[in-house]
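Generate coordinates for the entire structure from the input sequences, incorporating the hints supplied.
2 protein chains.
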Amino acid sequence: MSHIAITELLKGTVAVDSQVTVKGWIRTRRDSKAGISFLAVHDGSCFDPIQAVVPNSLNNYDEVTSLTAGCSVKVTGVLVKSEGNGQSFEIQANSVEVLGWVENPDTYPMSAKRHSIEYLREHAHLRPRTNVMGAVTRVRNCLSQALHRFFHEQGYMWISTPIITASDCEGAGEMFRVSTLDMNNLPRTDKGDVDYSEDFFGKEAFLTVSGQLNGETYASAMSKIYTFGPTFRAENSNTSRHLAEFWMVEPEVAFADLDDVANLAESMLKYVFNAVLTERRDDMEFFAQRIEKTAITRLEEFVEKDFAQVDYTDAITILEQCGKKFEFPVEWGVDLQSEHERYLAEEHFKAPVVIKNYPRDIKAFYMRQNEDGKTVAAMDVVAPGIGEIIGGSQREERLEVLDARLEEMGLNKEDYSWYRDLRKYGSVPHSGFGLGFERLVAYVTGMGNVRDVIAFPRTKGSATY
Amino acid sequence: MSHIAITELLKGTVAVDSQVTVKGWIRTRRDSKAGISFLAVHDGSCFDPIQAVVPNSLNNYDEVTSLTAGCSVKVTGVLVKSEGNGQSFEIQANSVEVLGWVENPDTYPMSAKRHSIEYLREHAHLRPRTNVMGAVTRVRNCLSQALHRFFHEQGYMWISTPIITASDCEGAGEMFRVSTLDMNNLPRTDKGDVDYSEDFFGKEAFLTVSGQLNGETYASAMSKIYTFGPTFRAENSNTSRHLAEFWMVEPEVAFADLDDVANLAESMLKYVFNAVLTERRDDMEFFAQRIEKTAITRLEEFVEKDFAQVDYTDAITILEQCGKKFEFPVEWGVDLQSEHERYLAEEHFKAPVVIKNYPRDIKAFYMRQNEDGKTVAAMDVVAPGIGEIIGGSQREERLEVLDARLEEMGLNKEDYSWYRDLRKYGSVPHSGFGLGFERLVAYVTGMGNVRDVIAFPRTKGSATY
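Residue numbers (our numbering), protein chains in the order written: chain A, 3 to 467; chain B, 3 to 467.
Incorrect hints may have been included.
No copy is singled out in the list; a pair is fine if it fits within one copy or between any two copies.
[To be verified] Mimicking DSSO-like on lysine-lysine, the simulated pairs with C-alpha atoms at most 27 angstroms apart in a straight line are: (1) K365 with K426; (2) K352 with K83; (3) K426 with K115; (4) K426 with K76; (5) K462 with K193; (6) K365 with K376; (7) K35 with K376.
FYI, nobody ran anything at the bench for these hints, they're computed from the structure.
Quantities reported herein were computed from a predicted structural model and do not represent experimental measurements.
So this is what it looks like as structure tokens:
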């Protein structure tokens with residue numbers, strides 16, 4: 003292609019006085035009385051647009067002065083140092099070609115004025131053209147690339163665990179059914195029930211809520227694996243932290259105990275935050291200016307501080323004795339609420355904190371039981387300003403303990419035969435955790451709602467585009 | 003963690019005579035008459051196991067001589083140069099701890115003998131422990147990492163396009179329905195139809211078949227984007243090339259024409275093949291030895307050769323005049339069959355070939371119409387030994403041409419309102435393509451069936467695990 007990304011020009015990769023061509027969209031246009039137009043052109047490659055200075059000597063100068071926000075253009079000219087106090091470089095244009103006009107600029111949904119976040123959400127197909135969603139998109143990309151890089155450098159294998167699952171392991175409720183049955187003419191068994199043996203997979207199938215159990219099979223062979231893929235919850239939660247479809251990162255590590263994966267979580271988060279601080283300074287400065295004042299400083303503090311570690315039991319004592327009145331009362335055995343987690347991270351430890359060894363009765367069947375008979379080797383990573391960001395555990399690798407737990411919880415051993423096989427054949431201690439990717443992006447950018455950090459959010463009642 | 007990956011030892015990263023600990027699974031055990039046992043231990047980090055030489059002076063030597071394939075162990079000892087003709091390094095063990103036994107070795111599904119690929123598929127939760135599936139997993143990981151790296155280095159943004167879609171754009175048929183309706187008690191409208199306004203998203207929803215249309219919205223803001231995520235086809239195709247759930251890579255590039263993305267496809271494929279040749283030599287040597295003799299040489303040839311380029315119309319002439327008898331007759335206007343594509347790549351051009359400008363009547367509504375009024379700017383990349391590996395096109399960016407095409411095909415303009423918006427507001431020429439990731443992995447490894455290059459394949463009648 004015969005053009006260059008604007009980020010390359012603004013970074014100073016190209017020699018001054020070179021002839022360059024950029025292609026992008028008009029953010030703003032300003033005409034001077036002296037017969038010069040100033041076009042701010044963006045192409046998504048970085049936060050800032052580049053300024054093109056267009057003299058009225060151009061043949062199509064009347065076209066130039068008709069340009070409005072969102073029009074697409076090809077600008078050719080000489081790269082020069084900028085004398086203004088904005089960008090360091092600009093283009094002295096000797097040609098401006100209009101590639102696409104904006105039909106009826108007065109009704110263009112992304113006009114140059116400032117729009118509310120809610121309004122942008124209603125125009126999800128056009129919102130990446132705005133400053134804020136462009137910045138979110140670049141930071142999201144930066145985080146995902148850094149995650150892959152982190153795990154790859156550490157010898158982890160990316161595994162794609164299945165999206166459609168007919169496994170009974172994942173626990174019913176809040177799952178989406180996947181089917182090709184004709185809804186207006188459902189096949190029936192003799193007893194009158196829906197006959198799923200006629201369905202595409204020959205039985206009931208759902209969208210996955212987690213790749214963990216499948217991930218454990220691969221960790222039991224490759225040692226270190228991670229997933230990074232979409233997961234689903236059919237929850238009717240209309241909150242700023244829930245999506246029906248979201249991306250999750252789930253490392254699973256053979257021969258690792260709970261402390262090992264707590265350390266993994268710490269180094270992973272610090273690695274990706276450092277990547278954002280280094281690679282997306284431009285976007286982070288915007289977030290700090292317009293969205294969340296502490297966007298940069300809290301990441302900088304995060305990467306500098308050691309994580310605190312506290313046992314659930316000690317955390318309960320801290321909360322009971324802190325003298326603070328919580329909406330949800332605290333006593334040993336209850337699950338921690340967001341207000342408790344945030345008190346611990348923000349006021350008590352003033353640092354990210356790993357809370358470990360939760361009561362077994364509030365945790366999943368697969369978590370490893372501790373010696374005390376009361377707790378399991380589970381952890382949550384809780385960060386100031388967001389609360390829980392990671393949940394993980396050491397997995398129960400002892401077949402007899404697992405079986406007793408399945409029985410106790412009224413689960414059918416047969417349904418878990420392949421999962422139990424991992425404990426029959428060369429079982430190893432292993433641990434892992436899950437990180438909700440959208441919550442991570444929301445935390446980094448300071449965006450208040452996960453719907454604004456994924457391209458096309460899916461929530462109860464909404465699956466447009 | 004206190005142990006080291008076997009790949010580090012075999013690469014020579016660790017000084018000879020160091021005390022080292024590895025953790026992994028037994029592949030084989032051999033006992034010498036002199037009272038020494040040789041354990042081949044693998045941990046998934048590379049193709050080869052490391053040999054641990056265990057003297058009968060160990061306290062638990064009776065345990066060591068009971069080890070069978072699949073048992074998990076922790077081995078500590080001194081790293082020494084190997085005198086045998088296998089690996090370059092081995093461990094003189096001074097401790098072997100058994101972490102997990104294999105219950106009833108005679109019935110262990112992954113016993114040391116050679117198993118058929120079909121048998122392994124029936125034990126998908128254990129098959130990554132085999133040589134062949136371990137190698138597939140590492141090569142798959144290498145390809146995915148290389149793809150992300152390639153796009154990232156070139157300034158592309160990874161976008162997660164939605165998995166669940168209620169958009170009417172994707173064309174009906176062969177899609178999986180996503181629903182939370184109670185199948186035994188479906189809500190009905192006054193007319194007696196299923197009332198999807200009661201469903202989770204307030205209307206009918208399906209699993210995506212492609213992220214392209216959504217990807218175009220982001221390319222129209224960020225310029226260069228790609229997707230890498232799961233896509234779905236509810237096809238009843240029981241072939242070695244089809245999965246109901248598969249991963250797809252879809253770059254979409256603003257300001258790019260068909261030739262630009264043909265070049266992008268060429269450099270992308272060469273980049274990832276080079277990565278495999280460099281980083282996974284060990285696994286590729288295994289594939290060349292046991293699965294597909296030309297596994298390495300054909301990749302080497304692929305990266306050295308320039309892609310051929312041919313117009314569909316010229317390709318038809320070549321096929322008509324080649325004197326070869328095809329099962330499917332050839333004439334202008336028909337879609338090319340696999341036998342035609344392979345003839346062109348393998349016998350005529352003897353190189354990967356980009357076939358361009360197909361008849362409009364056999365292609366999708368969104369492909370850009372050429373001046374001749376008969377063809378569209380579509381392309382397929384066809385490779386020797388596999389056939390079609392990539393399909394792409396320049397997209398129709400002219401609103402009036404797109405609208406005429408929608409009308410001609412009986413599609414409802416209203417259903418495409420957000421897609422049409424991209425043509426109303428700063429429309430730009432843009433192009434993209436789709437790469438089926440499993441077909442890529444199958445091609446690279448020489449594995450004959452896409453079910454054997456994804457961890458847990460989903461096909462008609464099968465969604466186990």
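Against the structure, the hints come out as follows:
1. K365 with K426: within (23 angstroms within a copy, 52 angstroms between copies)
2. K352 with K83: Cα proximity of K352 and K83: none, with 45 angstroms in one copy and 51 angstroms across.
3. K426 with K115: between (64 angstroms within a copy, 19 angstroms between copies)
4. K426 with K76: Answer is between; shortest inter-copy Cα gap is 17 angstroms, intra-copy 64 angstroms.
5. K462 with K193: between (33 angstroms within a copy, 25 angstroms between copies)
6. K365 with K376: This pair counts as within: shortest intra-copy Cα distance 11 angstroms, inter-copy 63 angstroms.
7. K35 with K376: neither (79 angstroms within a copy, 50 angstroms between copies)
Violated hints, in rising order: 2 and 7; the structure is consistent with all others.
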